[in-house]
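Peer 1: Given only the sequences and the hints, what does the whole structure look like? Please build it.
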Amino acid sequence: MQAFKDLFKQRNFIEHIRQYNAQFNFTSIGTNEVKHSGSGPKTYCIQGQLTHNIGPLQPSLNRSGNLRQPSFTQIYMHTSEEQLQHRRNMFPAFSSRYTATIQRVMDLHNPLARTYATAKERLRRAEADGASGGNRPIVLKAVGGAQARTHNLPTVVQLAVIMEGDGSEPTEGRHVVLQSLNSNQFTTIRETNPLHDALQFPLLFPMGGPGWEYTMTKPDGKSLSLRAFFNYWLQQRDGDDFSDMLHRSSMLFKMYTTVGFVRVETNRLRYISQNGDKLRFDLYASVKEAAERRSGLHNVGIKSIVPSSFTGGKRYIKKCYFNAMAIVRKYGKPCLFVTMTCNPNWPEIISQLKPHQTSTERDDIVTSTTTEGVDGYAKYRRDTAADQYCVPHNLYLVHKYNCHINVEVCTSINAVKYLYKYVYKGTDWITYAVFTDRERQPMLDEAREYVEGRYVSSLEAITRIRCYDLQRMSHAVEVLPVHEKDQQHCTYDETHDAESVVARNQKTKLTFFFLACAQGLTGIDGVPAKNCLYLDFPQYFRFEQKTKLWVGRKNHIKVIGRIDSVSPRQKERFYIRTLLCHKYGPTTFEDLRTVHGTLYPTYEEAALSMGLLENDEEYVVCIRQATLDCMDGQLHELFANILVHCLLASTRSLFDQFKTDFMDKRLRNLRRCNKTLQEPLSEDMMLGKAMFYTLKSIDNCFQHHRLSLLDYPTLPQLHEFEVFRDLGERRPLDDPISRLYVIETSYTRAALDDVLVTAATMTDEHRSFVTTVLAQIYDHASGKAYFLQCEGGSGKSYVSQIMLAKVRDKGDIALAVASSGLAALLLMGGTTAHS
Numbered sequence: 011m012q013a014f015k016d017l018f019k020q021r022n023f024i025e026h027i028r029q030y031n032a033q034f035n036f037t038s039i040g041t042n043e044v045k046h047s048g049s050g051p052k053t054y055c056i057q058g059q060l061t062h063n064i065g066p067l068q069p070s071l072n073r074s075g076n077l078r079q080p081s082f083t084q085i086y087m088h089t090s091e092e093q094l095q096h097r098r099n100m101f102p103a104f105s106s107r108y109t110a111t112i113q114r115v116m117d118l119h120n121p122l123a124r125t126y127a128t129a130k131e132r133l134r135r136a137e138a139d140g141a142s143g144g145n146r147p148i149v150l151k152a153v154g155g156a157q158a159r160t161h162n163l164p165t166v167v168q169l170a171v172i173m174e175g176d177g178s179e180p181t182e183g184r185h186v187v188l189q190s191l192n193s194n195q196f197t198t199i200r201e202t203n204p205l206h207d208a209l210q211f212p213l214l215f216p217m218g219g220p221g222w223e224y225t226m227t228k229p230d231g232k233s234l235s236l237r238a239f240f241n242y243w244l245q246q247r248d249g250d251d252f253s254d255m256l257h258r259s260s261m262l263f264k265m266y267t268t269v270g271f272v273r274v275e276t277n278r279l280r281y282i283s284q285n286g287d288k289l290r291f292d293l294y295a296s297v298k299e300a301a302e303r304r305s306g307l308h309n310v311g312i313k314s315i316v317p318s319s320f321t322g323g324k325r326y327i328k329k330c331y332f333n334a335m336a337i338v339r340k341y342g343k344p345c346l347f348v349t350m351t352c353n354p355n356w357p358e359i360i361s362q363l364k365p366h367q368t369s370t371e372r373d374d375i376v377t378s379t380t381t382e383g384v385d386g387y388a389k390y391r392r393d394t395a396a397d398q399y400c401v402p403h404n405l406y407l408v409h410k411y412n413c414h415i416n417v418e419v420c421t422s423i424n425a426v427k428y429l430y431k432y433v434y435k436g437t438d439w440i441t442y443a444v445f446t447d448r449e450r451q452p453m454l455d456e457a458r459e460y461v462e463g464r465y466v467s468s469l470e471a472i473t474r475i476r477c478y479d480l481q482r483m484s485h486a487v488e489v490l491p492v493h494e495k496d497q498q499h500c501t502y503d504e505t506h507d508a509e510s511v512v513a514r515n516q517k518t519k520l521t522f523f524f525l526a527c528a529q530g531l532t533g534i535d536g537v538p539a540k541n542c543l544y545l546d547f548p549q550y551f552r553f554e555q556k557t558k559l560w561v562g563r564k565n566h567i568k569v570i571g572r573i574d575s576v577s578p579r580q581k582e583r584f585y586i587r588t589l590l591c592h593k594y595g596p597t598t599f600e601d602l603r604t605v606h607g608t609l610y611p612t613y614e615e616a617a618l619s620m621g622l623l624e625n626d627e628e629y630v631v632c633i634r635q636a637t638l639d640c641m642d643g644q645l646h647e648l649f650a651n652i653l654v655h656c657l658l659a660s661t662r663s664l665f666d667q668f669k670t671d672f673m674d675k676r677l678r679n680l681r682r683c684n685k686t687l688q689e690p691l692s693e694d695m696m697l698g699k700a701m702f703y704t705l706k707s708i709d710n711c712f713q714h715h716r717l718s719l720l721d722y723p724t725l726p727q728l729h730e731f732e733v734f735r736d737l738g739e740r741r742p743l744d745d746p747i748s749r750l751y752v753i754e755t756s757y758t759r760a761a762l763d764d765v766l767v768t769a770a771t772m773t774d775e776h777r778s779f780v781t782t783v784l785a786q787i788y789d790h791a792s793g794k795a796y797f798l799q800c801e802g803g804s805g806k807s808y809v810s811q812i813m814l815a816k817v818r819d820k821g822d823i824a825l826a827v828a829s830s831g832l833a834a835l836l837l838m839g840g841t842t843a844h845s
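Here the numbering used here = 1-based position in the sequence shown + 10.
Calculated from the structure, these hints are not laboratory results. Some hints could be false.
The calculated lysine-lysine pairs, modelled on DSS-like cross-linking and capped at a C-alpha distance of 27 Å, are [to be verified]:
| no. | residue 1 | residue 2 |
| --- | --- | --- |
| 1 | K669 | K685 |
| 2 | K324 | K540 |
| 3 | K706 | K669 |
| 4 | K556 | K495 |
| 5 | K675 | K324 |
All values derive from a computational prediction rather than experimental measurement.
Peer 2: Structural data, given as structure tokens:
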């Protein structure tokens, strides 16, 4: 065993540890691993859904009718000598001595390896009894309670037992079904299986000990989560054999943490999906009506969706963005936008590395060191403070913090938009459908209909497992709902009693705001509720979740109120929101509609009597707030909806007031592309062209309502800017305009030559594939699709880049489309299919 532990101190072994681990894997991993070219640090990044599978126990036949090379569990069905030879054949250039050392430990101490030998004998005896017996699967069952939390090496534990059956018996998620020798089926290992780690990472778990399972508890008796389990074992502990091997295992450590986090996320989504069957979402009035009919809640409302509390989800990011914009609304636009690139050679990182390690191998140290905590300043500095290959920087900050820090003065909200659209958006996502086991039909609720798989790297995995802050804000934000009377939304369990659901959801923050104003409550600093706007109420009062009451604050806390956004198409809610932003201390919904002693029948009339709707002010306020939250296309749709559904005093005045915001993105794109044109456009030409694109987008929004710009003659018309549409574009005037065309025809000669010069290093196989595909591209008589399948690092991106450059070099357009963002980054001009 000591010889095995000493392997983790051999640099040659560590550099190829993933390959050595693959020699002894019981399971294959099903995912897309993203490999980055270049000289940067090594990373482990996976994309999409992650599965672990146990394949057939016997290799399939090749085209010649011979058995293929055994792999994974198939190797364990042979004698020790045969196993060693098969593993050497997998990677002939690797050390046979290392492989033999590992196999001796597996044979002596790993119960899974011995279990497969037993399974092999039972299956063969069953096949000798006849066809029916030979087709019986065997179940590999984890034995609970057997040193479940122990990873220490010296103890051999009873891990698995073998149970025979005909395949119809129910098996728990913690069991593994081994198919018969005649079967070609694959068995998927669930993320909750206690044998998961031992099957996928035999070098880290040579004793085959079981990992996390649902029955585990903390010392206080509370349930131990899968995330907390991984967090515990990621900590570095002196004298712990497992900890020492794990933190020395370089790329295998990255793989273990990444797979572990994906298991955590999958388990969370499974919980949401399973509980989403019972949770429903509907208006309070509908639930109240069901209670009066005593008809139950099974057929009321819609099934629940993935909540905003799911960290990293789309609703979570959207909520965080709106909360950040609430701070901007309260205190104004940000002054500085600071980005910091941490230094992997900081003494705080280097001092914690094991011998011969680099910082790129210890993502756990990097994440803990670069997480903002107490104030600390590095005393080490580089010999030169030059960052000549970076964006503009400050030499004083480079000296002081020993890393690159970029400080930009910003006087707009674009920095906040950038922060959440590009930085905090998480990684790129793909979508794959999840079906029920019984009917193979798509599930109805959002949580179970689609599971969004994304790119996950080891750095992100450790950050999320250790629950480091993904963001931090100076102020807490209290979200304030807006609804009509008895029209609040409520979430409930369909199995609960309707009367109890009605009672629990009868009151909201808004109705208790009215009650606080009616009772004359006093907040912090003696501020009466009657003198507060709904938006400012959280500054002086706090909402107690247990009692569902507003009570006066006792301490000054940085908190800001944020009222839910409301579309003008929801007229009553929109005018309620407008009145709440301007009327102090309303006591009821009726009081909210009362102005100067007159009770108006609608909220719109009340707002009009208060002078809030004069000169289209409510729409100006609506669009002004939307410019903080929305992108150009959403602004165009909002403007079109206002014109279609609302009565404006001056349509042209409203357009002119926000036309700069409407064409902001278009104008920026044109200015960027203008730099690549041989004959650049003037500013007036680009403004005219941006106006044409903007009007075209708004006209498309009108098309959804069977209208067009011609129905609004006071607005600028498309024909007025027709002359600008083809400026700076190299194609016939009657072709449709598209931003994609501008981008795809703007590659410089220098950029293409940089790629074409690498064609000289192509191998014969590379050259054969490139020649074949290029010949077919210009064969207009027929078309073909080619699928290039080869191992990672063999040149798929390389030949793709060359083919793209050769087509573009002839003045033609070649689109580089990938299924995901990270894959697109590897190609010149790459983009995702959905963009």
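Peer 1: All hints, please: hold or fail.
Peer 2: Here's how the hints hold up against the structure:
no. : hint           : result
1   : K669 with K685 : 24 Å, holds
2   : K324 with K540 : 37 Å, violated
3   : K706 with K669 : 13 Å, holds
4   : K556 with K495 : 22 Å, holds
5   : K675 with K324 : 22 Å, holds
Going through the hint list in order, the structure does not satisfy hint 2, though it satisfies all others.
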